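2 protein chains.
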Amino acid sequence: MRYDQRYLSIPHAVRGAAERYGDEPAIIDGDYRCTFDELAHQMVEAVRATIALDVRPGDRVGLCAPNSAEWIIAALGILGAGGVLVPLNTRFKNGELSYILRKSGARALLASSFLDNDYAADLKAADPELPALNRTVSILGPRGAADLDWQEFLHGGEAVSRSQAQDSIDRLAPEDVSDVMFTSGTTGHPKGVVYTHRAMFLHCLAEATTDLFGISENDRILHIVPMFHANSWCLPYTAVMVGADQIFAGANIQPPDICRLIQSEKVTFTGAVPTVWIAIKELCEKEGYDISSLRTIAIGGSAAPRSLQQAYAKNFGVQMSHAWGMTEMTPLGTVTRLKSYMEDWSDERKYDVYSRVGYASVGVDVRIVDDAGAELPWDGESMGELQVRGPWVIASYYDNPESADRFTADGWFRTGDVATIDAEGYVQITDRTKDLIKSGGEWVSSVDVENLIMSHPKVLEAAVIAVPHPKWVERPLACVVPKPGSALEPGEILEFLRPQLARWALPDAVEIIDAVPKTSVGKFDKKVLRERYKNWTP
Amino acid sequence: MRYDQRYLSIPHAVRGAAERYGDEPAIIDGDYRCTFDELAHQMVEAVRATIALDVRPGDRVGLCAPNSAEWIIAALGILGAGGVLVPLNTRFKNGELSYILRKSGARALLASSFLDNDYAADLKAADPELPALNRTVSILGPRGAADLDWQEFLHGGEAVSRSQAQDSIDRLAPEDVSDVMFTSGTTGHPKGVVYTHRAMFLHCLAEATTDLFGISENDRILHIVPMFHANSWCLPYTAVMVGADQIFAGANIQPPDICRLIQSEKVTFTGAVPTVWIAIKELCEKEGYDISSLRTIAIGGSAAPRSLQQAYAKNFGVQMSHAWGMTEMTPLGTVTRLKSYMEDWSDERKYDVYSRVGYASVGVDVRIVDDAGAELPWDGESMGELQVRGPWVIASYYDNPESADRFTADGWFRTGDVATIDAEGYVQITDRTKDLIKSGGEWVSSVDVENLIMSHPKVLEAAVIAVPHPKWVERPLACVVPKPGSALEPGEILEFLRPQLARWALPDAVEIIDAVPKTSVGKFDKKVLRERYKNWTP
Numbered sequence: 309m310r311y312d313q314r315y316l317s318i319p320h321a322v323r324g325a326a327e328r329y330g331d332e333p334a335i336i337d338g339d340y341r342c343t344f345d346e347l348a349h350q351m352v353e354a355v356r357a358t359i360a361l362d363v364r365p366g367d368r369v370g371l372c373a374p375n376s377a378e379w380i381i382a383a384l385g386i387l388g389a390g391g392v393l394v395p396l397n398t399r400f401k402n403g404e405l406s407y408i409l410r411k412s413g414a415r416a417l418l419a420s421s422f423l424d425n426d427y428a429a430d431l432k433a434a435d436p437e438l439p440a441l442n443r444t445v446s447i448l449g450p451r452g453a454a455d456l457d458w459q460e461f462l463h464g465g466e467a468v469s470r471s472q473a474q475d476s477i478d479r480l481a482p483e484d485v486s487d488v489m490f491t492s493g494t495t496g497h498p499k500g501v502v503y504t505h506r507a508m509f510l511h512c513l514a515e516a517t518t519d520l521f522g523i524s525e526n527d528r529i530l531h532i533v534p535m536f537h538a539n540s541w542c543l544p545y546t547a548v549m550v551g552a553d554q555i556f557a558g559a560n561i562q563p564p565d566i567c568r569l570i571q572s573e574k575v576t577f578t579g580a581v582p583t584v585w586i587a588i589k590e591l592c593e594k595e596g597y598d599i600s601s602l603r604t605i606a607i608g609g610s611a612a613p614r615s616l617q618q619a620y621a622k623n624f625g626v627q628m629s630h631a632w633g634m635t636e637m638t639p640l641g642t643v644t645r646l647k648s649y650m651e652d653w654s655d656e657r658k659y660d661v662y663s664r665v666g667y668a669s670v671g672v673d674v675r676i677v678d679d680a681g682a683e684l685p686w687d688g689e690s691m692g693e694l695q696v697r698g699p700w701v702i703a704s705y706y707d708n709p710e711s712a713d714r715f716t717a718d719g720w721f722r723t724g725d726v727a728t729i730d731a732e733g734y735v736q737i738t739d740r741t742k743d744l745i746k747s748g749g750e751w752v753s754s755v756d757v758e759n760l761i762m763s764h765p766k767v768l769e770a771a772v773i774a775v776p777h778p779k780w781v782e783r784p785l786a787c788v789v790p791k792p793g794s795a796l797e798p799g800e801i802l803e804f805l806r807p808q809l810a811r812w813a814l815p816d817a818v819e820i821i822d823a824v825p826k827t828s829v830g831k832f833d834k835k836v837l838r839e840r841y842k843n844w845t846p
Numbered sequence: 309m310r311y312d313q314r315y316l317s318i319p320h321a322v323r324g325a326a327e328r329y330g331d332e333p334a335i336i337d338g339d340y341r342c343t344f345d346e347l348a349h350q351m352v353e354a355v356r357a358t359i360a361l362d363v364r365p366g367d368r369v370g371l372c373a374p375n376s377a378e379w380i381i382a383a384l385g386i387l388g389a390g391g392v393l394v395p396l397n398t399r400f401k402n403g404e405l406s407y408i409l410r411k412s413g414a415r416a417l418l419a420s421s422f423l424d425n426d427y428a429a430d431l432k433a434a435d436p437e438l439p440a441l442n443r444t445v446s447i448l449g450p451r452g453a454a455d456l457d458w459q460e461f462l463h464g465g466e467a468v469s470r471s472q473a474q475d476s477i478d479r480l481a482p483e484d485v486s487d488v489m490f491t492s493g494t495t496g497h498p499k500g501v502v503y504t505h506r507a508m509f510l511h512c513l514a515e516a517t518t519d520l521f522g523i524s525e526n527d528r529i530l531h532i533v534p535m536f537h538a539n540s541w542c543l544p545y546t547a548v549m550v551g552a553d554q555i556f557a558g559a560n561i562q563p564p565d566i567c568r569l570i571q572s573e574k575v576t577f578t579g580a581v582p583t584v585w586i587a588i589k590e591l592c593e594k595e596g597y598d599i600s601s602l603r604t605i606a607i608g609g610s611a612a613p614r615s616l617q618q619a620y621a622k623n624f625g626v627q628m629s630h631a632w633g634m635t636e637m638t639p640l641g642t643v644t645r646l647k648s649y650m651e652d653w654s655d656e657r658k659y660d661v662y663s664r665v666g667y668a669s670v671g672v673d674v675r676i677v678d679d680a681g682a683e684l685p686w687d688g689e690s691m692g693e694l695q696v697r698g699p700w701v702i703a704s705y706y707d708n709p710e711s712a713d714r715f716t717a718d719g720w721f722r723t724g725d726v727a728t729i730d731a732e733g734y735v736q737i738t739d740r741t742k743d744l745i746k747s748g749g750e751w752v753s754s755v756d757v758e759n760l761i762m763s764h765p766k767v768l769e770a771a772v773i774a775v776p777h778p779k780w781v782e783r784p785l786a787c788v789v790p791k792p793g794s795a796l797e798p799g800e801i802l803e804f805l806r807p808q809l810a811r812w813a814l815p816d817a818v819e820i821i822d823a824v825p826k827t828s829v830g831k832f833d834k835k836v837l838r839e840r841y842k843n844w845t846p
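Chains as they are written, first to last, in the numbering used here: chain A, 309 to 846; chain B, 309 to 846.
Hint data in this document are derived by calculation from the structure and do not stem from the laboratory. Just so you know, these numbers come straight off a predicted model, no measurement behind them.
Copies of one chain are not kept apart here, so a pair can be met inside one copy or by any two copies together.
Taking lysine-lysine and the DSS-like style, the derived pairs with C-alpha atoms no more than 30 Å apart in a straight line are: (1) K574 x K647; (2) K658 x K574; (3) K766 x K842; (4) K622 x K574; (5) K622 x K746.
Kindly produce the complete structure, drawing on both the sequences and the hints.
So this is what it looks like as structure tokens:
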């Protein structure tokens, strides 16, 4: 054996962080605070509890909860037990949740949502379809319909020795699957993205390099993005690896909470979609919050306007920085950072750079290709599909052979994003996958909504497009063709969709049209509709 | 396949760096300068030339040259061709060189030393013993006794296509051996340390994290340590991975050259043993060199005196930072860095921290154990052998079964260093295990006694060794070199030490000698002294 590759896992890294930074704060969640020594202890307790749930190495375990200390402790417990973590979106509708639990064959489910009667009812209803699901734990609040509450779960771990739990952590192999994260794709059901311990470790190590996020022991990270959203850029794991503090603030953290926490906890690093930062800027100006502890703000989801970036730099001394990634990339792909020779450039030129999503992470290769698969030049003008590869870019989906076309014959992942790359390597996403609508940082699959609408008995065909929106950037608009002879009212469609869709995915309005424009090969030609409704207002 | 693990190699990373930082400077060596685009091109040319030498994947290739652009280009060429790089110490004696070429079965040798007639004569004499050695290249200066000079070597690569060279780089597998580096042990023959592409990539990624060396695109690294010495902390590879500039300055770079280069090239990062920095401090004070571009100075080899560290911080605004590692660790193990909560500490307390060699690198586990193998507490006082493990710590030596005792049954590498670890995780190296003197059940640190002796105004250097003793098993003997022109009596040293040392640590005698024998890398070679005094009696 040339090298011992066992120790490439996040749970092992937590132990190292505790040895280096034992007395330093690790987790802050409201009144709850713990040090790295305490976190390492909590992790072992959660590993014991997970093993006691009868989770065997390789068994999938769902985790459905808002950002919280319990989320990261439960996640480390599942990973350390050799289980496969399946993070679940708390805003998934019942059908989606059941689909993922069934698809992943989850053996246990840790969730906060047993508080919600609908959720519990759904799980019970879905039970016959979930033969593998053995145990349920309510990790926040009372037990509800679950088998155990959080304390009962931890208490159960007493049947498993600490040394067995520690052995389990030491036995994790780098190729072992650590996570399956389901993404709501553009078509069909969510697809499972498979992480390994090594891919996660490598990604987080790269994230801690100075030229990417440069996360260090000095950092205090506030989580605004939900954990179930690409693991919140994997920041919870990078933080526990390098000894950074992290602050959890539940679901639906609002701008005043963000301002208050940045000020009181002296947050150095956080990230969110631009709309959040518009609200925070106004609050800071009005209420005088001090957010100068921030060293950078990572912007994901959509582009921050130049004026906003300039206002943060000028008024608060904080540089915003775009980052782009995908769940399939673990997820960090690019970060916008000025190169050393740009320091003397004019503000105008610098913000031309800051308007892009950045250059590739160390370890990640990028290219753009045309429809025929030919590589395009890096001239800042040629637009093509962005393709990526690297040690933390997936090479296949979980049990999903039909998505093999997302990978090229020569081993690149097809992101589905259209981009330019300039001569200096900066990527600009020009046309997010055409059919996706991005509303307040959440993807809405137009195809999914169309398919639902077209399942209505009075509908012939339907196309859903993005229309500009001042607050949410984009909102879905449904263009619906009734079946001949049907008297269809827009309200009927909305009422039909409401129980079946997440709130943000519900179209703002339904336009009744005569026909969906088609391309020469008969595909929906949405750019004609986008053009027609570009000035649409409610 | 879950992940494509092919791209965990330094040659692949060079291509990525060229894509991100193509027009930026990569290498500076006297009048020679090249950008990352040019370096990537040079690497491919060197891969072609190496393949044309008939080097097949897995073949060992010796590289023996002072720090130079040619060194890094040749190294990348060998690695990219799938060859196994065997870096050779230019100061090796002829017998050592032949031993390593024979032991490694080197198929080709690229060396600057063909200029040296003795060297060439030695190689010729050794030839019958080197059946595998097929081709020799003189990489600096005229061809001499070699088959090819540097230009002829590159010219030969024209027989190999660029795409074949590129394929060779793309085919590197992470488990493939990249380097065998022979360490000049203080006993017996040099032992070969085996690196893999993955271990090297992981190590360099860790080295670029903010809490370790934090090497970034902004850095300009000056190499003072020779490349053949643990790959100069692997800094040449970390630099080409992250886009830092690096400055080579040949062999025997002297303090005035160092000052001049730091000032003219605005060097941000460099490292060397403390004696170099004593000379540079005097030069800067006398000649007014501006070295304020430095963000840190890494100190290896031995401890920098507190007064020196304070002078650099106060006079030049540069913080020195100890680092400890071993060739067997690729090599970085610990770096001294203050933790965030120490920022408010008094200078005195901070420099207590700066006096240590630092806390463990992310990914590296450390422990100290007693003679019976029991783990010792981290109390800053318990001394034991320092043991390490991790993904870039070797698990065996190259073809050297007799060194199996360097690894514990539970998978840790025995460093041979004796250390304490304090409650905050900071390691302090107190001695080498073989240099420790065990007198009547008490351990005496030879290094501590040597440092005390060397603080005597009449002493130039001193080495303290164990001599056999019938009652106490071992007793310390001091071998002392007086400063030129000093009349030094052994009794003066003993009187000087008596009030400062525990009774059992006081040497039994002081021998006045002309010089302390040194190894090829300039370390005290105590085995020569031990041999000389093995029958010593009072």
